[in-house]
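There are 2 protein chains.
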Amino acid sequence: MVNERMKGLGTERSAIRELFEYGNARAKEIGREKVFDFSLGNPNVPAPQKVKEEILRLLEEVPAETLHGYTSAPGDFSVRRSVAEFLTKESGVNVPAELVYMTCGAAASLTATLHALCNEGDEFVAIAPYFPEYKVFAEGAGGTLVSARAKDDFHLDIDELDRVIGKRTKAVLLNSPNNPTGVVYGAEEWTALSALLARKSEEKGEAIYLISDEPYRELTYGAAVPYPMAFYPNTVVCYSFSKSLSLAGERIGYVAVSPRAQNAEDVFAAICGAGRSLGFVCAPALFQRVAAACLGLTSDQSVYKTNRDLLYGALTSYGFSCVEPQGAFYLFVKSPLPTAEFCKKAREKELLLVPSDSFGIEGYVRISYCVSTEMIERSLPAFEALAKEIFV
Amino acid sequence: MVNERMKGLGTERSAIRELFEYGNARAKEIGREKVFDFSLGNPNVPAPQKVKEEILRLLEEVPAETLHGYTSAPGDFSVRRSVAEFLTKESGVNVPAELVYMTCGAAASLTATLHALCNEGDEFVAIAPYFPEYKVFAEGAGGTLVSARAKDDFHLDIDELDRVIGKRTKAVLLNSPNNPTGVVYGAEEWTALSALLARKSEEKGEAIYLISDEPYRELTYGAAVPYPMAFYPNTVVCYSFSKSLSLAGERIGYVAVSPRAQNAEDVFAAICGAGRSLGFVCAPALFQRVAAACLGLTSDQSVYKTNRDLLYGALTSYGFSCVEPQGAFYLFVKSPLPTAEFCKKAREKELLLVPSDSFGIEGYVRISYCVSTEMIERSLPAFEALAKEIFV
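Quick note, the sequences are listed as chains A and B, same order. The first sequence begins at 1 in my numbering and counts up by one. The second sequence begins at 1 in my numbering and counts up by one.
Chain A with its partners taken away, still in its complex shape (with noise of 0.2 Å):
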């Protein structure tokens, strides 16, 4: 009687949350201490302290029918501007305060894009592996999810690319740094994406679009991380600040459309009618005027570098195998044995790691590091006795 693909979505839900959960079941069993969840991308960091700053002056100083009454449908037009300027002045491309669309954080951002751009029988091209909720939200909007193989380094391969999109293809929707690998996309590699995407456009006769979802922008370790609309005109960037600023929960976000795409007014006025048809209404208004206040800034992340080279160089000593992460903070292991009995010997040993399935590869385990450095030191006897169970 209710919608079963709906039901099916809201039983399953996803691995990682799965685990997620079981992680918080567990812990009330045995003590959180004895629990090592590295199932989410839940940032651990505090958000900067100009955050609390900035909430606390809004308070005194605007009107609470003002502070917390609707914005435009795309936002308050101020916050818009800032958040125009600030991709101006960073990406070199001039974009205008009316191609950017305040959303409730990067999920959001990408339903109202795809649901802006697709039309029965559009494929949408992921780079596997890929962040899972993908193919959740492409086919939400009704488009299929086609599955491009990265290289062994989780780099672009771009043959693999040319042999995948064709005249099907409405949009490639990639992620750099990427969740789950850390790989961060060089602008080599953004020049010959362009080029591809561009003469793919041309043999279909319309643009292929480049969603580029960019939670990770400022989560690096010195990488620079180019900004492809700077490469390709037909650029939708979708953005959240849940991880530069540790706001996850508060979801608060933005789609910034190029304004070198093709029909980027018809693309934006897609993206307001996709918002108002998923009931979104307006991003949270008092968190839109915080981000504007705080772009540029990032929580202290540099526990994320302790942690990265903590785990990476542990479990490489220990006799597994990783590219090593320059963004993000996700480690995404070669699984040792068949994916599904790996994560069980390590949930055994209550170490809660996500398989790769879900990513639309095999053979992997992504392990997030977004957790405190000391449960990651408690947690190598653990990865080690693993290893050495496996590794005889």
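Hints listed in this document are in silico derivations from the structure and should not be mistaken for laboratory results. The structure displayed is predicted, hence computed values, not measured ones. A few of these clues could be false.
If chains are identical, the list can't say which one is meant, so a pair holds when it fits in one copy or spans any two.
As the list claims (entries may be wrong) - Restricting the straight-line Cα-Cα distance to at most 20 Å, the calculated cross-link-like pairs of lysine to aspartate or glutamate (EDC-like) are:
id: 1; residue 1: K34; residue 2: E18
id: 2; residue 1: K388; residue 2: E123
id: 3; residue 1: K135; residue 2: E203
id: 4; residue 1: K50; residue 2: E61
id: 5; residue 1: K89; residue 2: E384
id: 6; residue 1: K28; residue 2: E98
id: 7; residue 1: K50; residue 2: E60
id: 8; residue 1: K388; residue 2: E377
id: 9; residue 1: K344; residue 2: E188
id: 10; residue 1: K52; residue 2: E139
id: 11; residue 1: K34; residue 2: E98
id: 12; residue 1: K334; residue 2: D309
id: 13; residue 1: K334; residue 2: D152
id: 14; residue 1: K305; residue 2: E65
id: 15; residue 1: K204; residue 2: E374
id: 16; residue 1: K349; residue 2: E133
id: 17; residue 1: K28; residue 2: D76
id: 18; residue 1: K204; residue 2: E21
Based on these hints, arrange chain B on the given structure of chain A.
Then chain B, alone, in the frame of chain A:
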């Protein structure tokens, strides 16, 4: 190339939003004090003091990484429990926390519920005049909105509903206190509707749901607002704190599935799945906690009664005709001319009134009186002049 339906929704926007934007532009031209904008339901009274106190308390007492971090997808469990206990106490129906899903406001409550319930070919019955976005949301979910006309006094016409509800009806979607008419349905009406829906469900061979959209529940002028859940088992409540706490921009509300509903767990799971598919992730974390702490509180709504009495008294004395609102903050006035002509004449006097077409009936205008009393006083000469021009 983009999705034309979404582009249409984004370009046309709602008649209400469009008028609101026009009002802002016009205010810049001739001065805010000369424009009488009655278009939008944006609460103009401040949130209760407790909202600010609670934000300040949470900022002091809860670590930022917890306060602003993800909650579980259906919401923070202690928040859900508070909502469930409150609903149980108020409605007499024993609502468990497990059937409460925190949302990004009323629109999100509705889209998640409609997507959860809708299968191909399903119809949703709304009582005309109805909130225009019902049509957008029902069609976005893949369903059809079917209109059942209210009686002339805008109360439920059970005979008309008997004619309209059929085997394709998945749910009846309604709203009391009502936007746009201000009518509050009484216990007798709920009893009659419940009996009708029970009979229709039996004829159909499966449950027909009642989706009760309740953003105006606390906003009445003395009238009791029965809990539909207490009358009809297959009820899903869609609530928002936008009006009760004057938090329209913060996007915070909930869905509660009646524990007496057929397949209540399935309905709830499908709502979780729909929220996920639509990109909601979780309701804004800070305001989840604020709302839970403010259950049962309302902002000082006495101004709405002052406004109603003033405007209803004046307009009827000028010769306009309308039903006296018992709740919400709208007057639904009979148009003395063809509606478009009447709205145009009103606009010439800087009176911005929403024509009723988008509410599913012809021949009325909606006047939103959640504005300053002073603006209403200033507008009265314009209304009087308008009346004199028309009723010669």
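Hint check results:
Taking CA atoms no more than 20 Å apart as the test, K34 paired with E18 passes inside one copy only; the shortest distance there is 19 Å, against 56 Å between copies. Taking the shortest Cα distances, K388 and E123 never come within 20 Å of each other, neither inside one copy (44 Å) nor across copies (60 Å). In the homo-oligomer, the alpha carbons of K135 and E203 never lie at most 20 Å apart, since the shortest distance is 26 Å inside one protomer and 39 Å across protomers. Taking identical chains as interchangeable, the C-alpha atoms of K50 and E61 lie at most 20 Å apart whether they share a chain (16 Å) or sit on different chains (17 Å).
For the identical chains of this complex, K89 and E384 are neighbours neither inside a copy (47 Å) nor across copies (53 Å), given an alpha-carbon limit of 20 Å. For the homomeric pair K28 and E98, the shortest alpha-carbon distance between copies (19 Å) is at most 20 Å, but the shortest distance inside one copy (49 Å) is not. Taking CA atoms no more than 20 Å apart as the test, K50 paired with E60 passes in both settings, with 15 Å inside one copy and 14 Å between copies. Taking identical chains as interchangeable, the C-alpha atoms of K388 and E377 lie at most 20 Å apart only when both belong to the same chain, with a minimum of 18 Å there against 81 Å between chains.
Neither within a single protomer nor between protomers do K344 and E188 lie at most 20 Å apart by alpha-carbon distance, with minima of 40 Å and 58 Å respectively. For the identical chains of this complex, K52 and E139 are neighbours neither inside a copy (38 Å) nor across copies (40 Å), given an alpha-carbon limit of 20 Å. For a Cα distance limit of 20 Å, the shortest separation of K34 from E98 qualifies neither inside one copy, at 51 Å, nor across copies, at 27 Å. With identical chains, the CA atoms of K334 and D309 are at most 20 Å apart within one copy only, with a shortest distance of 18 Å there and 71 Å across copies.
In this homomeric assembly, K334 and D152 come within 20 Å of each other (Cα to Cα) only inside a single copy, at 11 Å, whereas the closest approach across copies is 69 Å. Taking identical chains as interchangeable, the C-alpha atoms of K305 and E65 lie at most 20 Å apart only when they sit on different chains, with a minimum of 18 Å there against 42 Å within one chain. Within a single copy, K204 and E374 get their C-alpha atoms no closer than 53 Å, and across copies no closer than 59 Å, so neither meets the 20 Å cut-off. In this assembly of identical chains, the alpha carbons of K349 and E133 never lie at most 20 Å apart, being 28 Å within a copy and 51 Å across copies at closest.
Taking CA atoms no more than 20 Å apart as the test, K28 paired with D76 passes between copies only; the shortest distance there is 17 Å, against 43 Å inside one copy. For a Cα distance limit of 20 Å, the shortest separation of K204 from E21 qualifies neither inside one copy, at 45 Å, nor across copies, at 38 Å.
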